Amino acid sequence: MLQRFLNPAVLAGISGLELVARTVVEGFVAGLHRSPDFGFSQEFAEYRAYSEGDDLRYVDWNVFARTERAYIKRYRGETNTLVTALLDTSGSMGYSSHGVSKLDYARYLCASIFYLAINRQRDGAGVIVFDDEIRHFVAPSTRQGQLMRLLHALEKCEPRARTDFAKPFFHFQQFLHRRGIVMVVSDFYEAPEKIVRSVEPLRHKGSEVVLFHVLDPREIAPKLDEPVLLVDMETADSLEVSPDYARTGYRERIDAHIAAMREQSKAAGLDYFLLDTSRPLDEALREYLSLRAGRM
Amino acid sequence: MGFLAPWFLAGLAAIALPIYVHLLRQHNVVPLKFSSLMLFEKHMQSAVKRRRLRHLLLLALRVLLLALLALAFANPFVQRDPAAATSGARLEIVAIDRSFSMRADNRLERAKGEALSILSRRPAGGLGQVLAFGATVQLMTQAVDDPAELRAAVQAVESDDSRSSYAELARVLRAIAQSSKLPVQVHLFSDMQKTSLPPSFSDLELAANMTLIPHPLATAGKANWAVESVTAPRRLLDPAKSRVEATVAGFSTPAARRSVSLTVNGRVVETKPADVPASGRARVEFLGLDAPHGFSRCEVRIDSADALAADDAFRFSVERADPRRLLFVHDQRQARSMLYVRAALESSVEASFLIEAVPPGETANLTLSKYSLVLLSDAANLPEAFEAALKGWVRTGGSVFVAAGPGIAARRRVPVSGGAVIDLRYATREGARFRTVATADTAHPALRRAGRLEGVRFYQVAGVEPGDARVLARLDDQTPLLLEQRLGAGKILILASALDNVSNDLPLHAAFVPFIEQAANYLAGGETRAASLTAGSFLELRPEGGAGVAAEVLDPQGKRVLSFAEAAAARGVTLTSPGFYEIRRAAGGRELVAVNADRRESDLEVVPAETLALWQNTGQGGVDAASVREAKPWAMGWYIMLVVLLVAVTEFLFGLRYLAGEEAS
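So the protein sequences, as listed, match chains A and B. 196 is the number of the first residue of the first sequence in the numbering used here; add one for each residue after it. 11 is the number of the first residue of the second sequence in the numbering used here; add one for each residue after it.
Mixed in with the good hints, there may be bad ones.
To be verified - Straight-line alpha carbon distances no greater than 27 Å define the calculated DSS-like cross-link-like pairs of lysine-lysine that follow:
(1) B:251 <-> B:282
(2) A:389 <-> A:400
(3) A:389 <-> B:43
(4) B:501 <-> B:380
(5) A:418 <-> B:43
(6) B:43 <-> A:351
(7) A:268 <-> A:400
It should be emphasised that the hints constitute simulated quantities derived from the structure, not laboratory data. Being a predicted model, the structure only gives us computed values, none of them experimental.
Just need the whole structure built from these sequences, with the hints factored in.
Now the structure itself:
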C-alpha cells in the first residue's frame with residue numbers, strides 16, 4: 196500500500212522530477228490490474244448536440260440529413276494526442292503547511308502526466324507556465340528529449356506575482372492550434388465565473404480541458420489557535436483573523452468557492468478535479484484516471 | 011453625594027489589570043503568510059470587528075465590575091431631603107382631644123366641625139389619619155386616602171371623660187412618623203389645657219419630619235368651679251361618728267360663695283355654703299352620714315353654673331355595714347394577747363370587729379363562714395378537723411392571722427399554712443438581749459402605718475421556714491418576722507412571735523394598734539380604699555389564676571361592660587365613664603364603685619403661646635424647620651453590591667462563551 200500511495204513529502208525528498216514522475220507512474224501503474232486501458236486517446240466516443248461555436252467540420256451531416264438535427268461527433272484522443280499543461284506559478288502557489296508547496300505538488304503532477312503521456316502513450320506533451328503573464332512555454336511535441344525539456348521547464352518554475360487568468364489565457368489560444376488535452380493546474384483564487392469564462396474558449400477549439408484545483412489542506416480547513424495576522428502571499432495585504440472566523444465563516448466561503456468551481460466547470464463542459472496536497476499523488480492520479488475512464 | 015469610606019476608591023486602580031490583559035491579548039497577533047485573502051475580505055473584517063466588539067464588552071464588564079466593587083466598598087451616599095424625596099406627598103393627621111374638659115362650651119363638637127373643614131380642604135389622593143386622644147390615643151383610622159372614611163372617623167369621636175395627655179399623643183405621633191416615610195402634618199384640635207402638659211418637656215418632642223398645626227378651641231382660661239375631692243368613709247359603721255369632707259376649688263375664678271349639698275341616694279341630706287377665694291379652695295365638712303344598710307350612692311354638688319357643669323358634682327359610694335366577726339383562738343393561759351388585740355381593735359375608728367374568743371379545744375363545732383377573720387394566737391393544739399375546715403375556708407377566700415409563739419414553735423409546724431418551724435430562737439442565748447426589725451415592706455397594707463415596727467424588741471421568735479411565703483419583715487439576724495402566704499383565694503399572715511408582751515414588747519408600742527387594725531382590715535377584705543375612683547382607673551375583679559367564676563360589671567347606664575368570655579376570665583376592668591359602677595366580683599363580693607372625672611381637667615387654663623411654639627419647633631416642620639433641617643444621608647453601598655452581583659453573573663456568562671469559543675478553535 197505504501198508503495199502505491201506515495202506521500203508527497205517523500206516525493207519532495209527525491210531530487211529529480213524525472214525520478215519523481217517515474218516513481219509515481221510506475222508505482223500506480225504497477226498496482227493497476229483490471230484497468231489496463233488507462234491513458235489518453237481520441238477514438239470516437241459519442242454524439243452530442245451542436246452548440247454555438249462548435250467547429251462545423253465535426254458536424255455529422257449524415258445524421259443531419261436524416262433527422263434535420265445537428266450533432267457533433269466526439270472522439271477520444273487518438274494515440275498521438277497532445278497533452279498541454281497550463282501551470283499557475285503565482286505567489287499563492289508557493290503556500291505550504293506541511294513541507295510540500297502547492298507548486299511542488301503541481302509540478303509532480305505535471306511531471307507524472309508528462310511521463311505517462313510521453314513514455315507510456317507516446318503522445319506529445321507541452322507546458323505553459325504562467326502567473327499574470329506567460330512565463331515559459333514548451334510547445335507540445337513528441338520529439339526526442341521532449342520529456343527532459345518539459346521537466347527542465349517545470350524545475351525552473353518559481354512562485355511569483357499574482358494570478359491573472361484573463362491575460363495569459365487569451366494568449367494560450369494562439370499557442371494551442373491543435374485539439375488535444377489541456378490541463379490547467381492552479382489554486383484558482385479568482386471568481387469561478389471569471390475562471391470558467393477565461394478557460395472556456397480552449398474548450399471551443401475541441402480540446403478537452405481539465406481543471407486541477409490544487410489546495411493545501413490548511414486552505415480548506417485552517418486551524419488557528421489564536422488570532423493571527425494573515426499576509427497575502429500575492430498582494431502582501433494583511434488581515435487579522437480570529438480562530439472563530441477561520442473555523443466558521445472562512446470554511447463556508449472556501450466550500451462555496453470549491454462547489455462553485457465544480458458546478459460551473461461542469462456546466463461549461465470542463466473536467467474539474469480537486470487536489471489536496473496532503474493526498475498521495477499516485478492515489479490522486481489513480482482516482483482521477485478512474486473517473487476519466489468511467490466517463491469515456 | 012459623598013463617600014462613607016472614600017479610601018476604598020483606591021481600588022479603582024485595579025481597573026488597569028483587565029485593560030492591560032485585554033490590550034496584551036489584542037496585540038498578540040502572529041503574522042502568518044497565507045495563499046490568498048480573497049475569501050476573507052469584507053466578511054473577515056466584520057468578523058474581526060464582531061470579535062473585538064464582544065471582547066470589548068467583556069472588558070467593559072470586567073472594568074465595570076471592579077469599578078462598582080470599589081464604589082460599593084467606598085459606600086457612597088446622597089443627602090436625601092425627606093420632603094424632596096417624597097415630592098410633596100405627606101400624611102395629614104387629625105388629632106382630636108376628647109378629654110373631659112372638651113365637654114365645656116361644646117368644644118368637642120366644634121373640634122369635629124373644624125376637623126371636617128380641614129379634611130375637606132385636603133388635596134385629593136393624599137393620605138390622612140384620624141386620632142382621638144385623652145389619657146390614651148385611639149387610632150380611629152389607619153393612614154388612608156378615602157375622604158369619606160376620614161370624615162366618618164371624625165364624626166365617630168366621642169368624649170371619654172379621661173384626662174388628656176399631650177405626652178401620650180406625642181409618643182404615638184413619634185411612632186407613626188417612624189413607621190411612615192412621608193412627612194407628617196398634624197392638625198391638633200384641643201382646648202390646649204395646661205394641665206395636659208407632661209412634667210418633662212422632652213416628652214413632647216415630635217419626630218423630625220413632623221409639622222404640628224394647633225387649632226386651639228380656647229384661647230384663654232375660663233372660670234370654673236368644681237368639687238375637687240371628697241373624703242368619706244367607704245364603710246359606714248356608726249353613722250353618728252362618720253364625717254364627709256369636700257374640697258371645692260375655683261380655677262381662674264373670682265372669690266365667691268358657693269352652695270354645697272350632700273346627696274345620699276338622690277336625697278339632699280344637707281346643704282352648706284362655702285366661701286371660695288379667688289382661684290382658691292374651700293373645705294366643707296358634713297358631720298354624720300345617715301345612709302341605709304347596704305351601698306348608697308352619694309354625691310357632693312355645688313351650684314356653679316359655669317362652662318363645665320360636669321365637674322360640679324363629685325360621686326362617692328358608702329356601705330353601711332355591721333361590725334365583722336373575728337374568731338380569736340388562743341390558749342387560755344395566754345389571756346394577755348387577747349387583751350391587747352381586743353384593745354387595739356376597739357380603739358380603731360376604721361375597723362370594727364366583734365371578737366369571739368375560743369380555746370382550741372372548743373373549735374370543733376364552729377361555723378367558719380360567719381367570720382371575717384380567724385386569729386390563731388399561738389394556738390398549738392388545734393383539732394385536726396378544725397384545722398382541715400380552716401384550710402378549706404381559707405381556700406375559698408377566708409383569711410387567718412397566725413401569731414407563732416413558743417407553743418407553735420414546739421410543734422415545729424405553722425397551723426393551716428403547714429410551714430415548717432425550724433426552732434425557737436431566744437435572743438439572749440446568742441449574746442444579744444433582743445432583736446429588732448431590720449427590713450419591712452412598708453408598702454404592704456399591714457405595715458403601711460406601722461412605722462417599720464421601730465423600737466420593738468423581740469426576745470422569742472419562731473424560726474419559720476419561708477417556703478413559698480412572701481417575707482414582709484425580717485429581724486436584724488435575717489429571721490423572717492412577718493410572712494404572707496396565699497392559699498387558694500385566701501390569705502394567711504404569719505407573725506413569727508406571740509402577741510403576749512412576753513416574746514416581744516410589740517403590744518406596748520404605738521405601732522401595735524395600726525398594725526393590728528390594718529392587718530385585720532387587710533385580711534378581712536375591708537382594706538381602706540378611696541370612696542371613689544378616677545375615670546380610667548383599673549379595678550381588679552379576681553386574683554391571678556382565678557378564672558372560671560364569672561364577674562359582673564354594670565356601667566352607670568346599667569349596661570354590662572364585660573362579655574361572657576371576659577366575665578369568666580378578665581382580671582379587671584377599666585372604669586371609663588363617671589358614675590356608679592355595680593361590681594360583682596368573682597369571689598362573690600358585691601360592690602358599688604363611684605367614678606369621677608379627673609379633676610385636673612377642671613382647670614381650663616390654656617398652654618402659653620410660647621410653650622406651644624416651642625412644642626411646634628421640636629418637629630423639623632416647624633417655623634424654623636428650614637434652618638435646622640438636616641438631610642438624612644442615604645447610603646447606596648448595598649444597592650451597588652446588588653449591581654456588582656448582576657455584573658459578575660453577566661461577566662461569568664460572557665467569559666464562559668468566550669472560553670468555549672477558544673477551546674473549540
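Each hint tested on the structure:
1. B:251 <-> B:282: OK: residue 251 (chain B) and residue 282 (chain B) at ~19 Å, within 27 Å.
2. A:389 <-> A:400: Within the cut-off at roughly 19 Å; holds.
3. A:389 <-> B:43: holds, 25 Å
4. B:501 <-> B:380: holds, 17 Å
5. A:418 <-> B:43: holds, 14 Å
6. B:43 <-> A:351: holds, 23 Å
7. A:268 <-> A:400: holds, 14 Å
In terms of the numbered hints stated before, the structure departs from none.
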